[in-house]
Every structure is written in structure tokens, then in C-alpha cells.
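Q: Here is what each chain is made of, one letter per residue.
Number of protein chains: 2
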Amino acid sequence: MGVVLPLEDSHPKGASIEPLVKATAAGMEQVNRVIVERTGSQVTLIPEVARYLINSGGKRLRPMVTLGAALACGYRGSGDVKLAASVEFMHTATLFHDDVVDESDTRRGKRTARLVWGNQESVLVGDFLLGQAFRMMVEVGSLEALDVLSAAAATIAEGEVMQLGTAKNTETTEDEYIEVIRAKTAALFSAAAEVGPIIAGADRSVRAAFRSYGTNIGIAFQLIDDVLDYGGVSATLGKNVGDDFREGKVTLPVVLAYRRGSDEDRAFWRRSLVEGGTSDQALEHAIALLNRTRALADTVDRARHYAAMATDALAPLPNSAAKAGLLEAVGFSIRRAS
Amino acid sequence: MGVVLPLEDSHPKGASIEPLVKATAAGMEQVNRVIVERTGSQVTLIPEVARYLINSGGKRLRPMVTLGAALACGYRGSGDVKLAASVEFMHTATLFHDDVVDESDTRRGKRTARLVWGNQESVLVGDFLLGQAFRMMVEVGSLEALDVLSAAAATIAEGEVMQLGTAKNTETTEDEYIEVIRAKTAALFSAAAEVGPIIAGADRSVRAAFRSYGTNIGIAFQLIDDVLDYGGVSATLGKNVGDDFREGKVTLPVVLAYRRGSDEDRAFWRRSLVEGGTSDQALEHAIALLNRTRALADTVDRARHYAAMATDALAPLPNSAAKAGLLEAVGFSIRRAS
Chain A
8 MGVVLPLEDS HPKGASIEPL VKATAAGMEQ VNRVIVERTG SQVTLIPEVA
58 RYLINSGGKR LRPMVTLGAA LACGYRGSGD VKLAASVEFM HTATLFHDDV
108 VDESDTRRGK RTARLVWGNQ ESVLVGDFLL GQAFRMMVEV GSLEALDVLS
158 AAAATIAEGE VMQLGTAKNT ETTEDEYIEV IRAKTAALFS AAAEVGPIIA
208 GADRSVRAAF RSYGTNIGIA FQLIDDVLDY GGVSATLGKN VGDDFREGKV
258 TLPVVLAYRR GSDEDRAFWR RSLVEGGTSD QALEHAIALL NRTRALADTV
308 DRARHYAAMA TDALAPLPNS AAKAGLLEAV GFSIRRAS
Chain B
8 MGVVLPLEDS HPKGASIEPL VKATAAGMEQ VNRVIVERTG SQVTLIPEVA
58 RYLINSGGKR LRPMVTLGAA LACGYRGSGD VKLAASVEFM HTATLFHDDV
108 VDESDTRRGK RTARLVWGNQ ESVLVGDFLL GQAFRMMVEV GSLEALDVLS
158 AAAATIAEGE VMQLGTAKNT ETTEDEYIEV IRAKTAALFS AAAEVGPIIA
208 GADRSVRAAF RSYGTNIGIA FQLIDDVLDY GGVSATLGKN VGDDFREGKV
258 TLPVVLAYRR GSDEDRAFWR RSLVEGGTSD QALEHAIALL NRTRALADTV
308 DRARHYAAMA TDALAPLPNS AAKAGLLEAV GFSIRRAS
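Respectively, the protein sequence lines represent chains A and B.
For the first sequence, our numbering gives the first residue as 8, with consecutive numbering after it.
For the second sequence, our numbering gives the first residue as 8, with consecutive numbering after it.
Be careful, since some hints might not be right.
Quick look at which bits of chain A chain B covers, simulated, 3 or more residues with Cβ under 8 Å [unchecked claim]:
1) 64 to 76
2) 206 to 220
Okay, the calculated beta carbon distance ranges per label pair [to be verified]:
3) B/146 - A/291: 51 to 57 Å
4) B/165 - A/55: 48 to 54 Å
5) B/186 - A/326: 24 to 30 Å
6) B/211 - A/271: 20 to 26 Å
7) A/148 - B/343: 41 to 47 Å
8) A/123 - B/281: 46 to 52 Å
9) B/161 - A/66: 40 to 46 Å
10) B/283 - A/325: 44 to 50 Å
11) B/345 - A/274: 35 to 41 Å
12) A/84 - B/283: 37 to 43 Å
13) B/277 - A/51: 57 to 63 Å
No wet-lab data here; the hints were simulated from the structure.
Cβ coordinates follow ideal geometry from the N, Cα and C atoms, glycine included.
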């Protein structure tokens with residue numbers, strides 16, 4: 008264990024997700040098999056709907072975090088696979104429910120399940136996945152892991168409710184927004200990371216380190232997603248750009264642009280996000296304001312802060328391929344925006 | 008109200024506390040008078056002890072924040088003076104109690120009151136000041152302000168208790184440490200700022216903006232204090248350097264240096280902070296490790312993140328001398344470390 012240098016050095020520009028993919032490849036193959044098995048049901052609609060979203064090309068970063076955390080703690084059992092699959096199911100369940108709550112029409116460039124099959128179907132398949140997630144956790148038999156993941160499930164729901172309050176509220180402060188994503192996004196990353204050391208029987212301080220890693224990579228990840236939704240730092244109109252804008256979502260780039268803008272700018276944001284005046288022309292103007300106020304670049308800067316915290320959290324662990332993969336994933340989460 | 012540019016531009020290197028001092032000068036004169044009046048008591052020991060610390064050269068930043076916030080919201084009454092004095096009393100009370108809890112021997116370069124008069128006297132004079140603070144708040148008659156300040160009093164105590172858990176625990180994570188100072192230091196700054204808009208009758212979003220300003224300048228301020236306790240970014244042994252180290256306090260610079268260090272480094276930190284091996288030679292080695300791991304420079308970077316949040320929080324308010332003073336105070340809180 009040598010001296011670990013901070014973010015700037017340890018995450019060269021080429022930071023990639025590949026080392027984590029490689030370190031967890033064996034486990035992820037089993038996770039993917041479990042996912043297919045556990046989406047099976049006599050009710051044929053369920054596998055059809057569930058797999059529509061599950062197979063739509065997510066990176067499966069969360070289950071990789073669980074497997075990587077377990078490996079980095081020297082775990083050699085098989086419980087990590089089911090916990091990782093549970094985490095992915097919990098994530099997918101929230102996507103189903105989110106799309107209904109947000110009345111979203113597209114997700115990852117595809118029509119949302121609620122448009123293809125209906126809102127009720129989406130809600131119920133989400134519930135089915137949550138139920139399956141809990142069954143798998145129970146099978147693993149770790150009460151501590153069950154405690155952490157079920158607390159996360161409640162926190163995520165709280166975060167979604169909090170977001171109902173901030174959505175379309177252009178006066179949202181940065182703290183309020185960070186609280187929302189801490190609950191809505193970071194809580195699951197945090198739990199995904201913490202169950203690794205839990206089943207490995209690691210001590211309190213190692214659990215705290217992974218909890219911190221998960222929380223902070225989760226916040227960084229969400230902030231970069233917010234930037235990508237406007238096309239990245241060098242924002243331009245393009246495919247999949249502007250979903251948040253069209254849904255009236257007040258994300259951190261908007262919080263900053265709104266607060267830093269002129270009265271006229273603020274009237275524009277209210278008109279667009281609150282009253283729903285979101286034409287392509289309006290989106291173009293929004294992107295111009297985001298650039299002028301440096302809101303996108305500074306959101307990336309804010310994300311870097313959380314990324315640095317995630318990196319420092321894991322520093323004391325012994326070196327391993329899994330740890331290196333988890334650390335590079337932090338750099339990767341930021342690099343996506345540039 | 009023009010476009011407000013982010014931190015780098017709005018806080019030139021010369022950021023100073025002077026604009027806030029000037030904007031609040033008239034009110035602070037009254038605050039200082041109230042402080043003298045309300046430390047009076049038939050029990051002559053009380054004014055003697057209370058004034059020993061109150062007159063020991065603090066900047067009185069917190070009451071200036073209250074006055075500045077009220078002014079920035081257009082307040083023209085006189086309730087802000089008593090609330091500002093309450094805030095300073097609450098702050099002084101916690102210093103008395105802290106010195107007893109931490110068994111500190113010096114504060115602001117002077118012997119602590121507990122050494123001059125005793126521990127029991129320090130605790131009780133702290134309680135007296137807290138009582139006087141609440142009486143003044145009640146006199147102002149704003150239940151909302153009373154609610155915010157009394158909640159802060161409870162949170163500060165919670166933060167102190169949390170700190171008992173992190174003190175001498177070198178495994179403390181950055182998140183855990185930030186939670187401690189969010190409660191111990193930032194909660195009072197947050198309340199100090201929020202009571203301004205409250206008595207000015209400002210709306211919810213303005214209150215949220217000041218709460219956010221206070222919380223984040225409070226965190227930034229504490230992190231820079233932590234750096235200054237090791238002599239600043241270009242750390243050197245000097246007067247008033249190393250108090251935290253000698254008391255075994257695990258502050259953010261130590262959290263980072265510990266996590267980034269080698270096994271040998273970590274053994275040194277445990278030996279020094281947990282077992283109390285804190286000679287001048289040990290302090291010199293500690294400073295060398297803090298520099299080698301860039302822990303001090305990166306703590307300043309972390310502080311900048313919170314400073315940027317504080318600045319953005321106030322951006323939408325109409326321009327005024329008070330607002331400008333509050334914003335420059337953010338830059339000042341950071342500049343102290345360089």
C-alpha cells in the first residue's frame with residue numbers, strides 16, 4: 008500500500024469503466040443469468056415488460072459496484088451475485104415508476120414501457136421487481152445487508168417524493184437539489200457498495216468507506232447525467248438532448264443558470280419549465296443561457312468534488328484489481344461529460 | 008440585477024471582510040452595546056468570565072451575517088440587533104463548553120477561561136449566555152426565528168456529541184466529518200443567516216437562499232480554520248499552530264492525509280492522535296505528511312466547493328451593499344488560508 012495521490016493524478020483523462028468490467032466479469036455473467044431467471048413468471052406480460060427495460064442497454068454499474076466492493080474486501084462466496092442482482096432490480100423498479108410519475112415518453116432513446124404497455128403495467132412490473140429483489144436478499148440471509156438495502160428502498164421513495172416538490176420549482180437551491188439526488192440516486196449506490204463489505208464481514212470503518220464511496224460516486228454520476236441531458240459541457244442540440252428540459256425538471260445546471268441569470272433569464276426559465284413552453288427554439292435558448300452562466304461547466308466542477316470524496320474514501324484499502332476498477336469508475340463517471 | 012458570475016470572478020484575490028463590516032457598522036455598534044448590557048449580572052463572576060472570552064478578539068462574523076441578511080432583505084426595524092446578539096451569545100456559549108469538553112488550554116492565543124476560573128464556572132457561564140440568548144429572542148417576538156435558533160442550538164449539541172465519536176478516530180470518513188461540522192459549525196451560521204429574512208418577512212425561497220448561504224459559508228469557514236490550525240496551505244510551525252493536533256482532533260486535513268498515506272503514515276497518525284504522542288517533532292512530521300499528501304491544499308479546494316454554493320445561493324437577490332458584503336465574506340473566508 009503506497010501513497011495514494013488525489014484525483015487529478017489517479018484518474019488520467021482516459022479513465023474507463025473497463026477495469027471494473029474486467030474485475031467483475033465472472034460475477035456479472037452470473038448476475039445476468041439470475042436477472043433472466045428472476046424476471047420469469049407464469050404471467051407472460053411480466054417477463055416481456057421487465058426485459059424490455061432491463062435489456063435496453065444500461066451499463067449495470069450498480070451491480071458491478073456491489074461485486075467490486077465484495078471482491079475488494081476479499082469476499083469469495085456467492086452471496087454477492089444475488090445482492091448485485093437485487094440492486095439492479097431495485098434500480099429498474101425505480102425507472103419503471105419514475106417514467107410513470109414523470110410521464111416520460113422516452114428512456115435510453117426507446118419509447119418508455121408505459122407507452123408500450125401502459126402506466127398500470129409499468130407500476131406493477133416495478134413492484135414485481137422490487138418483490139423479487141427482496142426475495143433474493145432474504146435468500147442471501149444477511150440481515151445487515153437486508154437492513155441496508157431496505158433502508159435504501161425507503162430513502163429512494165422519499166427522494167422521489169422530495170423531487171415532486173422541487174420539480175418545476177425554479178427557486179430550488181443547490182442544497183435542496185443535492186438532498187434530492189442524495190436520496191433518489193446516491194442512496195442506492197451507497198447501499199450497493201456497502202453490502203459488499205457487509206457480506207465479506209469487513210469491519211465498521213471499511214463499511215463506512217464503501218458507503219461514502221457509493222454516496223459520492225452516486226451524486227457525481229447524477230450530476231454528470233444532468234449535464235449530459237443538455238448535451239455535455241460543450242452543449243449542443245442533438246439526439247436525446249433536452250428530456251429534462253421538456254419534462255420541466257429543475258436539475259443543478261438549471262439551478263445555477265437560474266440563480267446566476269438576469270431577471271429576464273429567470274422569466275424565461277419559469278415560462279419554460281413551470282408553464283411548459285419547451286419548443287426546440289426554447290431549448291436552444293436554454294442551452295445558450297447554460298453556457299453563458301457557465302452552469303454546465305460548474306456542474307461538472309461540483310461533480311468533481313464528490314468524485315474526489317469517493318476516491319479518498321477508498322484510499323486506505325489494500326490494492327486489488329477490484330479497487331482499481333472502482334476507482335477508475337469514478338474518473339469514468341466524470342469523463343462522460345467532456 | 009445583472010448576470011452574476013460565479014466565484015472565480017466575483018471574489019478577486021483581495022476579497023475582504025471590510026464591505027460587510029461597513030454595511031453592518033451601525034447595527035454592530037448596537038449589538039456590541041447589547042452584548043455588554045446582557046453580560047451584566049449581580050453575580051460579579053459572570054460578567055468577568057463572559058467578557059473574558061467575548062472581548063478576546065473574535066471577528067463577530069455570525070452577528071454580522073444576521074444583520075447583513077436582514078439588511079439585504081430590506082429590513083428596517085430593530086429586532087435584528089437582539090437576534091444578532093443572541094447568535095453571538097450562542098456561539099460564545101459553545102466555545103466555553105467546547106473548551107471544557109476538549110480540555111483546551113488556549114483559545115485565540117489566551118489561556119482558556121476554564122484554566123483561569125475553572126471548568127464548572129465555564130460550563131455555567133456558557134449556560135447563562137444561552138439563557139440570555141433565548142430571553143433576547145423571546146423579546147424580539149418572532150416565533151419563527153425562535154424556532155430556527157432553538158433548533159440550531161439542539162443541532163450544535165448533537166454535533167458536539169457526534170464529534171466525541173469522531174475525535175481520535177482516524178478512520179473517520181470525509182462524509183462523517185462534514186456531517187459533524189454541518190451540525191457543530193454550519194447550523195449556527197445557517198440560523199444566523201435565516202433569521203434575517205424571517206424578521207424581514209421575506210418569502211420561503213429567500214429564506215432557503217440564506218439558509219443555504221449560511222450552511223455553506225459555515226462549512227467553508229470551518230474547513231479553512233482546520234487548515235489554519237496547521238499554519239495554512241504553506242504549512243509551517245508557528246504561533247497557534249497545532250492545537251487540533253495536540254488535542255487529537257481528526258479534522259479534514261487529517262482525514263485526507265490518513266486515507267492517502269502509507270501504512271507507516273497511518274501508524275504515525277494513530278500513535279499521535281489516539282495515543283497522544285504529540286511532541287513538536289511529531290507535529291513537524293504531521294505537517295510534512297499533510298504537505299506530501301496535498302491534504303491541506305485539497306481541504307482548501309473542498310472549502311471552495313462550499314464557498315461556491317454559498318455564493319450561488321445568494322445570486323438571485325437584488326443587489327445591495329449588504330449582499331455585496333455577504334458575498335465578499337465568502338471569498339474572505341477562503342482567502343485566509345493562502
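Q: Taking the CB of residue 283 of chain B and the CB of residue 325 of chain A, does the distance hold inside 44 to 50 Å?
A: At roughly 28 Å between Cβ atoms, residue 325 of chain A and residue 283 of chain B fall outside 44 to 50 Å, so the hint is violated.
Q: The hint says 46 to 52 Å between residue 123 of chain A and residue 281 of chain B; measuring C-beta to C-beta, is that right?
A: 59 Å, violated
Q: For the stretch 64 to 76 of chain A, do at least 3 residues have a Cβ located nearer than 8 Å to some Cβ of chain B?
A: Since 0 is below three, the answer is violated.
Q: Hint says 35 to 41 Å; check whether the CB-CB distance for residue 345 of chain B and residue 274 of chain A agrees.
A: 39 Å, holds
Q: Just tell me: holds or violated, for the beta carbon distance of residue 277 of chain B and residue 51 of chain A against 57 to 63 Å?
A: With a Cβ separation near 60 Å, residue 277 of chain B and residue 51 of chain A satisfy 57 to 63 Å, so the hint holds.
Q: Please test the hint of 41 to 47 Å on the beta carbon pair from residue 148 of chain A and residue 343 of chain B.
A: 53 Å, violated
Q: Do at least three Cβ atoms from the stretch 206 to 220 of chain A come closer than 8 Å to Cβ atoms of chain B?
A: holds (count 6)
Q: For the range 24 to 30 Å, tell me whether the beta carbons of residue 186 of chain B and residue 326 of chain A fit it or not.
A: 28 Å, holds
Q: In this structure, is the beta-carbon distance linking residue 84 of chain A and residue 283 of chain B contained in 37 to 43 Å?
A: With a Cβ separation near 41 Å, residue 84 of chain A and residue 283 of chain B satisfy 37 to 43 Å, so the hint holds.
Q: Please check whether residue 165 of chain B and residue 55 of chain A have a Cβ separation lying inside 48 to 54 Å.
A: With a Cβ separation near 50 Å, residue 165 of chain B and residue 55 of chain A satisfy 48 to 54 Å, so the hint holds.
Q: Can the suggested window of 51 to 57 Å be confirmed for the beta-carbon pair residue 146 of chain B and residue 291 of chain A?
A: The hinted range 51 to 57 Å holds for residue 146 of chain B and residue 291 of chain A, with Cβ atoms some 55 Å apart.
Q: For the hint 40 to 46 Å, verify it against the beta carbon of residue 161 of chain B and that of residue 66 of chain A.
A: Given range 40 to 46 Å: holds, Cβ gap about 43 Å.
Hints 1, 7, 8 and 10 from the list above are not met by this structure, while the remaining hints are.
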